[in-house]
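J.: Using the sequences and the hints, build the whole thing.
Read off the chains here:
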Amino acid sequence: MAVVPKFVGERIKRREDPRLITGTGQYVDDVRLPGMLTALVLRSPYAHAKINSIKLDAAQKVPGVVAVLCGDDLKDKVGSVPCVAPAEHVPYHPVLAQGKVRFVGEGVAVAVASDAYIAQDALDQIEVDYDPLEAVTDPEQALEAGAPILHDEFKTNSVTLASVPNPAVDEAMNKADKVIRFRIHNQRLAPVPMEPRGVVARWEPGYKQLTIWSSTQIPHLMRSQVADMLKLGENKIHVIAPEVGGGFGAKLNVYAEEALISHLAITLKRPVKWIERRRENLSGTTHGRDQIVYLEIAANKDGEVLALKGRFICDMGAYLQLLTPAIPGFSGLMMTGCYKIPALAFDQQMVFTNKMATDAYRGAGRPEAAFIAERTMEAVASEFNLDPADVRRKNFIAKASFPAPTAGGLVYDSGDYELTLNKALDQIDYNKTRAEQAAAAKEGRYIGIGIASYVEICGIGPSALLPPKLKGGGWESCTVRIEPDGKVTVLTGVSPHGQGQETTFAQIVADELGIDIDDVTVVHGDTALVPYGIGTFGSRGTTVGGPALMMSVGKLQAKMKRIASTMMEVPPEQLEFRNRTIAMASDASKSIALQTVIEAAYGYKTVIEGVEPGLDATSFYEPSACTFPFGTHVAVVEVDSQTGQVKFLRYVAVDDCGKVISPLLVEGQIQGGIAQGIAQALYEEVKYDEGGQLLSATLMDYAVPKANMLPHYELLSTVTPSPVNSLGVKGVGEAGTIGATPCAYNAVLDALKRLGIRDLDMPLKPETIWRAIRDAKKA
Amino acid sequence: MLLNLTINGEQRSDNVDPRMLLVHYIRDIANLTGTHVGCETSICGACTVLINGSAVKSCTILAVQADGTKITTIEGMAEGDRLHPLQEGFWEEHGLQCGYCTPGMIMTAADLLARNSNPTEAEIREALEGNLCRCTGYQHIVKAIQFAAAKMRTSKAA
Ligand code: FES
Ligand code: FES
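These protein sequence lines map, in sequence, to chains A and B.
Counting in my numbering, the first sequence runs from 598 upward without gaps.
Counting in my numbering, the second sequence runs from 29 upward without gaps.
Just so you know, these hints were derived from the structure itself, not from any lab.
Check the hints yourself; a few may be wrong.
[Claimed, not checked] Simulated crosslink set (EDC-like; lysine to aspartate or glutamate; CA at most 20 Å straight-line): (1) A:Lys674 / A:Glu831; (2) A:Lys1244 / B:Glu149; (3) A:Lys1303 / B:Glu149; (4) A:Lys610 / B:Glu151; (5) A:Lys1362 / B:Glu120; (6) A:Lys1256 / A:Glu1015; (7) A:Lys610 / B:Asp109; (8) A:Lys1244 / B:Glu157; (9) A:Lys1244 / B:Glu154; (10) B:Lys171 / A:Glu1311; (11) A:Lys1244 / B:Glu151; (12) A:Lys1303 / B:Glu151; (13) B:Lys171 / A:Glu1015; (14) A:Lys1303 / B:Glu68.
Bear in mind the structure is a predicted one, so any value in this text is a computation, not a measurement.
T.: Spelled out as structure tokens, the structure:
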């Protein structure tokens, strides 16, 4: 029999691809059920208005329409859309507005019909009488006296104020050579997965069983919350996350439609489908970022940073979604970045505004933190006329200090930050590039070099880090089942949607059991099949899901060794899995075929006394700590001073995500991450006007970058295993995004430095740059 | 209205609502769900199919406008079990993650390679102007298309 190769660490083609490249994968919109109806939601055109009346009768009379409902019809029938994160003021959040609308895009009524065209005809017949109210979209204005109040019962637009004071910070400010102060706005972004959200719900009255297909990252957590909203037992709801076309945090949530469509399916006793349209996605799916910080940096002339202080104003939007007020915490805790800055203090004022709720978006708080840390390094370099690379070296946490406690109270697991910086600068040939930059400047050209070193927090994480109301901690689950024919089924609690765990988990299992990767199938995203799991977000799929898998594999290995040991009369400690056998480690010729052991376990040939039959193991892995991937990105850009256009000349990324299971997939994660990070620096912004109208409601106005707007990435890596888990992995889903935003931003600002431009708001659109150049030249 | 056309080699004749978009006809009447909808406003390219060999966003035209045409969708690219070189390229070079944009990308790339058998990276990036991918950052998509171009040139030469 052919020798089984090793799979971990190899560039394996993805096992999920054959169905996706042939158009045979099944996304929510591809679900077809007999008798299925289509629902569409009518949404508010106003940012803030009183609803005087809603007339549904004309819509109800449209032929083919089955039901038309508004918020008042659902009172006491469907519970509030949940926010599980602690906050002082958590408003009631109806699935369809009741009495008042608070942002453009809020659901007001729903029509259910035989198809989407007819449902649209019905929406067109609904008459809503609104009394427009004054809206507030600027979170700083929302806090001022006299600002329109979103939720009258709170008498304030403050959601909550979180403070992490530290008297050492003020001492450092007094002592430092200089205190540098400026304001940063991490602008509001839209996650824009290419597949919008979607829900199909089916009620089987005889069984009293609800099935929900939803484009979600968290099938189990969503099930728990929807069960609450509908007052159904969790064992009466079956959630399926089929093929999910991207999430990026936007689908790490529980949305009104998941409960609303389920309620409709139950009451109408017919399957109902709702597919979000892109305009709804841009207005009614969670946004990310939107944090203002007033930053104070205490620094000495030699570049040493002594303390950081941040006063944050965080725009939560009109309602709180699942984790809305929890996201900014990471921005505060992680704002010292890769640096041994000894003192940190921050407070965070969370604010209601007439906008869609913010929540997790790729990086969720850490991109903001990295941006603050890297702007800090640049500000110190420019203040004291130091090289930005040297300032970073001066402040880096040294390789020898790990595990490294931080001023934010975290403990970084492992790292070698300077190594990634040096590697990136070597690759770009830093000194030569600086010389070229100077030569180009003489010709009147604007070339800039941007550096960003980042560290981020992944593998979240110990359960104590997650709010109890989430009904699931930071652990992950996995069942591994070796079937009687020797094929292996892995049932994981994570819910990948592009990350590729069907491949990485199969690689791990194949190596551990000495079998072929084709003999392993990974199943996910189905609450009737997989044990209760937490899902895919925060770069936790392999970091937390992987060790859970290892635990179950380990249990089966131990059992099979016991069986083999009895059959071979060799102590189990001397056995290992190799090439479809269990063999003696010291003498491979003494072996037993794996299949023989499997058959014995199932008791259909030999029965081993004292061994429980079957080969099925379930484990729940609780991580002892978080992991902290890191890296350095360096970009070289040229700014066209006539047009304000930015062109990338080079983009180098050195990332360290610990041990790598699937190098090809890691590359993919980093590249996609960089694209989204650059997009924040240069292109994207969710824009509301002062009256709360959404100006970025189509992909024409919201600038998701195209292929020709992004550079060719040069990817390098270092490998610093994490001591936290058995695989040594750290997570890689968000790293690219976190490194890329400050890197691209710093590059552009470096190009504009000789004009005296020190500070611009993102995104650095041509218009922004062109105006800044014009004003600088005037001055 | 009666609509006659050929999809992936199969002749069809269907009665369709005159206001129905071609993409909905393909997905809901012809039951070919590999063609996706990402925006309905002709920007994302997820709905791209070939009409008489040219890439067209099927959300921008009515089904009845496609009367008498030959349409190829992603389901029509492989010959039995033999993948089209573009499908191979996307698999080989990890040109997809969530896969939602992939059918549209492949159809646009098929149109490009029919016109230009050896496109440069810049030409590929230009050609993909009407197709958005949120997952990959595009670099592996570029490589996937180059892989297919090379393979198609060799098989032509042979
Ligand atoms: S759905 Fe046709 S271009 Fe987006
Ligand atoms: S692979 Fe997900 S959008 Fe392209």
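J.: State the violated hints by number, sorted upward, taking the hints as numbered earlier in the document.
T.: 4, 5 and 13
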